[in-house]
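Chemist: Here are the chains, one letter per residue:
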Amino acid sequence: AQSVAQPEDQVNVAEGNPLTVKCTYSVSGNPYLFWYVQYPNRGLQFLLKYITGDNLVKGSYGFEAEFNKSQTSFHLKKPSALVSDSALYFCAVRGLFSGGYNKLIFGAGTRLAVHP
Amino acid sequence: EAGVTQFPSHSVIEKGQTVTLRCDPISGHDNLYWYRRVMGKEIKFLLHFVKESKQDESGMPNNRFLAERTGGTYSTLKVQPAELEDSGVYFCASSPGGQETQYFGPGTRLLVL
Numbered sequence: 003a004q005s006v007a008q009p010e011d012q013v014n015v016a017e018g019n020p021l022t023v024k025c026t027y028s029v030s031g032n033p034y035l036f037w038y039v040q041y042p043n044r045g046l047q048f049l050l051k052y053i054t055g056d057n058l059v060k061g062s063y064g065f066e067a068e069f070n071k072s073q074t075s076f077h078l079k080k081p082s083a084l085v086s087d088s089a090l091y092f093c094a095v096r097g098l099f100s101g102g103y104n105k106l107i108f109g110a111g112t113r114l115a116v117h118p
Numbered sequence: 018e019a020g021v022t023q024f025p026s027h028s029v030i031e032k033g034q035t036v037t038l039r040c041d042p043i044s045g046h047d048n049l050y051w052y053r054r055v056m057g058k059e060i061k062f063l064l065h066f067v068k069e070s071k072q073d074e075s076g077m078p079n080n081r082f083l084a085e086r087t088g089g090t091y092s093t094l095k096v097q098p099a100e101l102e103d104s105g106v107y108f109c110a111s112s113p114g115g116q117e118t119q120y121f122g123p124g125t126r127l128l129v130l
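Line by line, the protein sequences give chains H and W.
Sequential numbering of the first sequence, starting at 3, is according to this note's numbering.
Sequential numbering of the second sequence, starting at 18, is according to this note's numbering.
In short, the hints are calculated from the structure, not lab data.
Below 20 angstroms or equal to it, Euclidean Cα-Cα: the simulated EDC-like pairs (lysine to aspartate or glutamate) are: (1) H:K24 x H:E68; (2) W:K58 x H:E10; (3) H:K24 x W:E59; (4) W:K32 x W:E100; (5) W:K61 x H:E10; (6) H:K60 x W:E117; (7) W:K58 x H:D11; (8) W:K95 x W:E74; (9) H:K51 x W:E59; (10) H:K24 x H:D56; (11) W:K61 x H:D11; (12) H:K51 x W:E117.
Taking the hints into account, I'd like the entire structure generated from these sequences.
Modeler: Shown next, in the form of structure tokens:
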């Protein structure tokens, strides 16, 4: 079965420091991977995706993610965190089986708290 | 370009009542999805429309849930009768045909008392 794991419920980072939000996946075949962010009282916003090509993907708001096939990981990173980055982050993989070809399978989410 | 919109933003109902949630996708998007997040857990897929047809409804929890997409435009999700465990946030998303990225609405927060 396909699944996504976000091992950390919460990540705390000081402003200006680099941040990493971890994601690992389990899927048959080549994965399509996504990161979404949910700010308080807002919907999910698309950040970035990996479909194919370069393993380092750049997205919105200075975020990037690195696809690592051998470790089945897709960690979200940012070189210098901002207080405004504090939000709930979701990793997702697109289902590949027939009957579920386009559905997204989400991790449980990681709350990022950036402290001044 | 307007994003995905959902109505209402919040709904509080009693167990046994009926609630209808509405989603308006981005104009021109053939694909429309419903997801829900219950009690701070994972966001889980409910179903997928391609235009007015149900492509995949494998995530619908039971027959108390009924989704429709009239004319391939907006969609409604009806819960009848609502149970306590239906409480959560219901998200709608849409995408153009052939595109992988799904764009989400703000969600409807449903509380069943």
